[in-house]
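Chemist: Given next are the chains, with one letter for each unit.
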Amino acid sequence: MSRTPEIRIRDLHKSFGDNEVLRGIDLEIGQGDVVCVIGPSGSGKSTLLRCVNLLEEPTKGQVFVGGTELTDPDVDIDAARRRIGMVFQQFNLFPHLTVTENLTLPQRRVLKRDKAQAARTAAENLRRVGLAEKADAYPSSLSGGQQQRVAIARALAMGPEVMLFDEPTSALDPELVGDVLAVMRMLAEEGMTMMVVTHEMTFAREVADRVVFMDGGVVVEDGTPGQVIGNPRHQRTRHFLSRLLDPAMAEVEEEISDRAGKSE
Amino acid sequence: MSHPTDTAGSAVAPRRKGLTRRGRRRLSRGAQYTVFVAAVIALAVSADWGRLRNQFAQTAIARQMFPDVIVLALKNTVLYTLSGFVVGLVLGMVIALMRLSSVGPYRWVAGVYIEIFRGLPALLIFIFVGVAVPLAFPGMEIVGGTYGKVALALGLVSAAYMAETIRAGIQAVPRGQMEAARSLGFSPTRAMVSIIIPQAFRIILPPLTNELVLLFKDSSMVLFLGVTLEERELSKFGRDLASQTANSTPILVAGLCYLLVTIPLGFLVRRMEAKAQEAVK
Ligand SMILES: Nc1ncnc2c1ncn2[C@@H]1O[C@H](COP(=O)(O)OP(=O)(O)OP(=O)(O)O)[C@@H](O)[C@H]1O
Ligand SMILES: [Mg+2]
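Residue numbers (the numbering used here), protein chains in the order written: chain A, 1 to 264; chain B, 1001 to 1281.
No lab work stands behind these hints, which were simulated from the structure alone. Watch out, some of these pointers could steer you wrong.
What the hints assert, rightly or not - Among chain A residues calculated to face chain B with C-beta under 7 angstroms, some are:
id, residue
1, Asn53
2, Leu55
3, Val75
4, Asp78
5, Arg81
6, Arg82
7, Gln90
8, Asn92
9, Phe94
10, His96
11, Pro106
12, Arg109
13, Val110
Said to hold, decoys possible - What follows is a set of in silico ranges between Cβ atoms, one per label pair, in the way DEER data are often shown:
id, chain 1, residue 1, chain 2, residue 2, range
14, A, His199, B, Tyr1106, 38 to 46 angstroms
15, A, Asp136, B, Leu1223, 46 to 54 angstroms
16, B, Val1103, A, Pro40, 37 to 45 angstroms
17, A, Arg243, B, Gly1018, 56 to 64 angstroms
18, B, Pro1198, A, Pro40, 47 to 55 angstroms
19, A, Arg243, B, Glu1278, 38 to 46 angstroms
20, B, Gln1277, A, Gln235, 50 to 58 angstroms
21, A, Ser170, B, Lys1075, 55 to 63 angstroms
22, B, Arg1024, A, His199, 53 to 61 angstroms
Backbone N, C-alpha and C fix where the C-beta goes; we use that ideal spot for every residue, glycine too.
Generate coordinates for the entire structure from the input sequences, incorporating the hints supplied.
Modeler: Below, the structure is given as structure tokens:
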């Protein structure tokens, strides 16, 4: 944690019209650290992640990645984004290209690598995610889990220093989640700096160096998985975790507290 | 045809009052067939087929049209159509991108162009290109002579439609595609060119082919530009020969030549649409 922060977020605010989604986020992520961001739907997790690579323009505040201030209006944002890989919930593979072309086209167009080098890097990264045999397939012929692993390989082929994951397993059938998490675990072990929005508590507990709980556009709790998941200090965190771990129980609980609230 | 209807009707009738849904459908279909057959018979009996054949289907005159109707007239029609299509496509692409631009004046100019040229008959645009442009820019020749003028006129006509089609295609590409491209470091322009537009064209291939069919027919308006003998396309060729021979057979032959191209193209469009429909499922 004493290493130089790879990602630094300072007093970040983001509004959509009147809707203030992020209300002052401060966060530092050290090089090689894995930070899982959890929180209820609508709490601004995706927005935060999208502000880190400026897919959303912050209303106020600063974002630094690897020492470069992305929020500086004069920064070359395309160059900066090359160092930040992003993986989306819906994969967002390019459907008109084969798996290999999905990996080579960005390298050739953006990094200006030659054909042979791009192909080599593509093959290497497909092997890393265990999909070397799908090199010539089209995305539509792959399962969701395979598509997501291709998406990860596509981001890795650009040689990023930081990887952002926005609920990478939420769109997958349960039996396909494991393969994707295994790839992410491998990346974490290799020392990739990762910021992961997820509801996979087992992954967060076992892989994350830190867990950040967000609610209502602010960071409510930030600490080791043991602290935030194992022994949450805040009522909101506890409530969220109990609902996540046992949805059936939580509903009853809510109903009871609702009724209690009405009778008061 | 009416036999099974009767049995079905009488078998069900005692159980329910009036006609069943199935019975009513059969009755309605039977009535429609009757009207259709009656109309065909009426037409066949009342038309003077002998005179029609004399005027439209004289084999000797038809034979005299070959091979020029193909190697000259059809060839020119295809040439005019394709050159107009290319100009329309390029212009339409520019206008579509202007329409989607974040720069206000670009959007505004593109919008005005689309409204004006979608609202004008193609005929007026041909006359405009043939008369107004040479008047406005004396001494300046449109490159390519008649071919250039036709390409310009057809291009102006089709660009407005194509711009709207291309814009719709670009907007039909999911937002995530642009976001994925941007997150990989593509600039907006490069993402548009390498990722979005190729996907948009797959989506709009059927309407673009339809536009090609429309242009193929609109190329007949070349005759308002005044063309030399070698520049004649199907309609002009047919009409000239019809007045020479005082017979309408050339019109029929020219019409068949149009259908020779438009029917297969229409077929192709429906196949592509069906395929796209299947891909969605
Ligand atoms: N492009 C946008 N325009 C307007 N409002 C938006 C936009 N993107 C997000 N929002 C709003 O911002 C709020 C937070 O959204 P965000 O997607 O960041 O939440 P989240 O924590 O990722 O939720 P989820 O778990 O459902 O993905 C929501 O109220 C949402 O409606
Ligand atoms: Mg989200």
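Chemist: Which earlier hints turn out false for this structure, listed by number in ascending order?
Modeler: 3 and 18
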